[in-house]
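Given the structure of chain A, go ahead and fit chain B onto it with the hints provided.
Number of protein chains: 2
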Amino acid sequence: MTEQLRIPGPTPLPDRVVRAMSRPMVDHRGGEFAAVHREVSAGVREVFGTETADVLIVTSSGTGAMESAVANLVSPGDRVIVGTCGVFGDRFADINAAYGAEVTRLSVDWGQPIEEAVLAETLAANPDAKVVFLTHNETSTGLTNHIAKLARVVRDAGRLLVVDAISSASSMDLQMDAWDLDVVLSGSQKGWMSPPGIAFAAVGPRAWEFVERSRSPRFYFDWKSHRTWAEKGFTPSTPAVSTLFAVQEGIRMLREEGLANAFARHRRIADATAAGLFAAGLTLLAREGYRSATVTAAVVPDGIEVEALRKLMRSRHGVIIAGGRGQAKISERIVRVGHLGAIDEGDLVQVLWALEQALEELDHAPADGRTLAAAQPILAGASETVAAH
Amino acid sequence: MTEQLRIPGPTPLPDRVVRAMSRPMVDHRGGEFAAVHREVSAGVREVFGTETADVLIVTSSGTGAMESAVANLVSPGDRVIVGTCGVFGDRFADINAAYGAEVTRLSVDWGQPIEEAVLAETLAANPDAKVVFLTHNETSTGLTNHIAKLARVVRDAGRLLVVDAISSASSMDLQMDAWDLDVVLSGSQKGWMSPPGIAFAAVGPRAWEFVERSRSPRFYFDWKSHRTWAEKGFTPSTPAVSTLFAVQEGIRMLREEGLANAFARHRRIADATAAGLFAAGLTLLAREGYRSATVTAAVVPDGIEVEALRKLMRSRHGVIIAGGRGQAKISERIVRVGHLGAIDEGDLVQVLWALEQALEELDHAPADGRTLAAAQPILAGASETVAAH
Chain A
213 MTEQLRIPGP
223 TPLPDRVVRA
233 MSRPMVDHRG
243 GEFAAVHREV
253 SAGVREVFGT
263 ETADVLIVTS
273 SGTGAMESAV
283 ANLVSPGDRV
293 IVGTCGVFGD
303 RFADINAAYG
313 AEVTRLSVDW
323 GQPIEEAVLA
333 ETLAANPDAK
343 VVFLTHNETS
353 TGLTNHIAKL
363 ARVVRDAGRL
373 LVVDAISSAS
383 SMDLQMDAWD
393 LDVVLSGSQK
403 GWMSPPGIAF
413 AAVGPRAWEF
423 VERSRSPRFY
433 FDWKSHRTWA
443 EKGFTPSTPA
453 VSTLFAVQEG
463 IRMLREEGLA
473 NAFARHRRIA
483 DATAAGLFAA
493 GLTLLAREGY
503 RSATVTAAVV
513 PDGIEVEALR
523 KLMRSRHGVI
533 IAGGRGQAKI
543 SERIVRVGHL
553 GAIDEGDLVQ
563 VLWALEQALE
573 ELDHAPADGR
583 TLAAAQPILA
593 GASETVAAH
Chain B
213 MTEQLRIPGP
223 TPLPDRVVRA
233 MSRPMVDHRG
243 GEFAAVHREV
253 SAGVREVFGT
263 ETADVLIVTS
273 SGTGAMESAV
283 ANLVSPGDRV
293 IVGTCGVFGD
303 RFADINAAYG
313 AEVTRLSVDW
323 GQPIEEAVLA
333 ETLAANPDAK
343 VVFLTHNETS
353 TGLTNHIAKL
363 ARVVRDAGRL
373 LVVDAISSAS
383 SMDLQMDAWD
393 LDVVLSGSQK
403 GWMSPPGIAF
413 AAVGPRAWEF
423 VERSRSPRFY
433 FDWKSHRTWA
443 EKGFTPSTPA
453 VSTLFAVQEG
463 IRMLREEGLA
473 NAFARHRRIA
483 DATAAGLFAA
493 GLTLLAREGY
503 RSATVTAAVV
513 PDGIEVEALR
523 KLMRSRHGVI
533 IAGGRGQAKI
543 SERIVRVGHL
553 GAIDEGDLVQ
563 VLWALEQALE
573 ELDHAPADGR
583 TLAAAQPILA
593 GASETVAAH
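Protein chains in written order, with my numbering: chain A, 213 to 601; chain B, 213 to 601.
What the hints contain is simulated information worked out from the structure, not anything from laboratory work.
One or more hints might be untrue.
Since the list gives no way to pick out one identical chain from another, each pair is judged satisfied if it fits inside one copy or across any two copies.
Here are the computed lysine to aspartate or glutamate pairs in the EDC-like style, where the Cα-Cα straight-line distance is at most 20 Å [unchecked claim]:
| hint | residue 1 | residue 2 |
| --- | --- | --- |
| 1 | K436 | D302 |
| 2 | K541 | D227 |
| 3 | K523 | E215 |
Okay, chain A solo, but in the shape it has when bound:
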């Protein structure tokens, strides 16, 4: 049985990506590497929607990219605002605290978004907070903040905005320049269809002014050093070369599909997932209108144990979904289906089928096809693609 890994990252690797990753090793200070570096940088710039930012390629998880933002922008004692809707917003707050920042947490209940009015109030109440950290897509709750609108609030207040787009970039629309975002972060194991190990930080002009002033220690994550080397097509220390080969191929696949088509595919599959889970008796966690295109979180029905459900889905049907994350009580009652990167309609059908079967096996409800019936009309929109470039 070939297993289906449907957690919100790492994601399954397409054969093309695996083959690319298997290319012979190259000198990380040679011309072949520089060509890969330049192509990936250009691809990230396109996916992020920026012509003005510097793209930095870091060998780390997304958390490393998050830390790089804090270390390069924030000095000990600085006041910062962190909007948090879940585990990864909390992580941004924790990293800031580790660096000695005075952190104002704008926390909302799990499943709820950061709203513009509340953010505006928080900004007004903290005029000394120069940097704002927001999560585009909160992986722990399956919620996407309306970052374009929030960015306008931050801009109107004259603050710097750092956006964790780790699990959104390349799977949903992101316009760094048009939305006026100062720093955008992502990671290879999400929509980029690559293994984990490479992270991206795009750093805009206003952010560089903060970099000049930050007194926090940094070396491996030092953005100025990264920028200097990136201009020559290199990284300051030895990068994850094979993983970068994978990212290069993942970006080529995205370009062939067309970004708009990839975004539409993610949205369509997300909506079908939500309809299927709801039909199966689960309660969607994220507020309607803010449901993520890359991960769906849902509360399991009373009487169902999350771990028993996950175990059945895997052992009998070969489908691996995620449980909850974080300390909150709610995390023990939710499952999360990752539908990002290399996923198509048929993959999602298999997830819903396994869920319905497992729920019958747990005596919850008969497997009568209700989840697929709910998902089918939405998946049927698959043929409506836009022209790829």
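For chain B alone, kept in the frame of chain A given last:
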């Protein structure tokens, strides 16, 4: 023409490692991952020669592991001693300086080792320096410090010792417990026969006391967080899973060969390289008795341009060797041959052949087989292996 990548890391990947890296992605919070993590940790412990240290697996280059040592052990204003014989010793000093440490650099000329007497004097002159940073194998000069002896000096003075074994561990003898080293670092792209992207930090009992006291900010590289997760077979944030598959296979290959055999192979090939380069008219950089088993650095003959030589060796003969590193004037006059990880006698013969051919093409000397004649008796020792376990 299949090219031979003979730089001191990244190294060529054996087919077995490439196949292992191509395994389907797994959940980084699941049992399969924990099994890989445990096997790799046990392998690193064996290679490092330690039963008492905690092995931490970090997704970064070796430089990230170096920074993790500084961030977890050193607070701003602390006095530290850094022994530096080249680029990577300087890097340890630079990282310490970035973290606000007061750095006493014990610098020696390129090609020279750190000597026990000088280290003892430096320790005596700096009684407030609690942590000492040393490079086991200095990749920029092809020099191996006698770390066992230096460690005794550090121990006698009651200081903590951090050893950069990035380009030595798994290729030459290293006995963390027997030599009483407190922290040992390495990286996947060296003798481990894997792509870059994973680094190791082994942290001994005395070092953990320093970790408790360090006030330097850290999150991604926080050793306590890494230790907590490592006990369950995981990492704090998403690791470079595919690269870890590669490391797992690389360690299996090392075990099959037997560590003592792998060390002997590296030594034999290094000695043959030195003999060949000397016969070809190059001058070995490292002092005799301190020549590295993983990389040989040598000054090219007068009248030969390093870049012209490297270009010819690659374009006509498919062999890629490295030039010098660092700002020192000497680096422009040296070549470095990497002979670590997946390399056997035949590979080295190809390097020497290409060098001799290229030197003839540059009108330096006739290609009369002098390099191979010098190397041959040493390579002939290949059959003397010890029993693998």
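Hint-by-hint comparison with the structure:
Proximity of K436 to D302 under the C-alpha cut-off of 20 Å is restricted to the inter-copy arrangement: shortest distance 19 Å between copies versus 27 Å within a copy. Neither within a single protomer nor between protomers do K541 and D227 lie at most 20 Å apart by alpha-carbon distance, with minima of 39 Å and 47 Å respectively. For the homomeric pair K523 and E215, the shortest alpha-carbon distance inside one copy (13 Å) is at most 20 Å, but the shortest distance between copies (47 Å) is not.
Comparing the model with each numbered hint stated earlier shows that hint 2 is the single one that does not hold.
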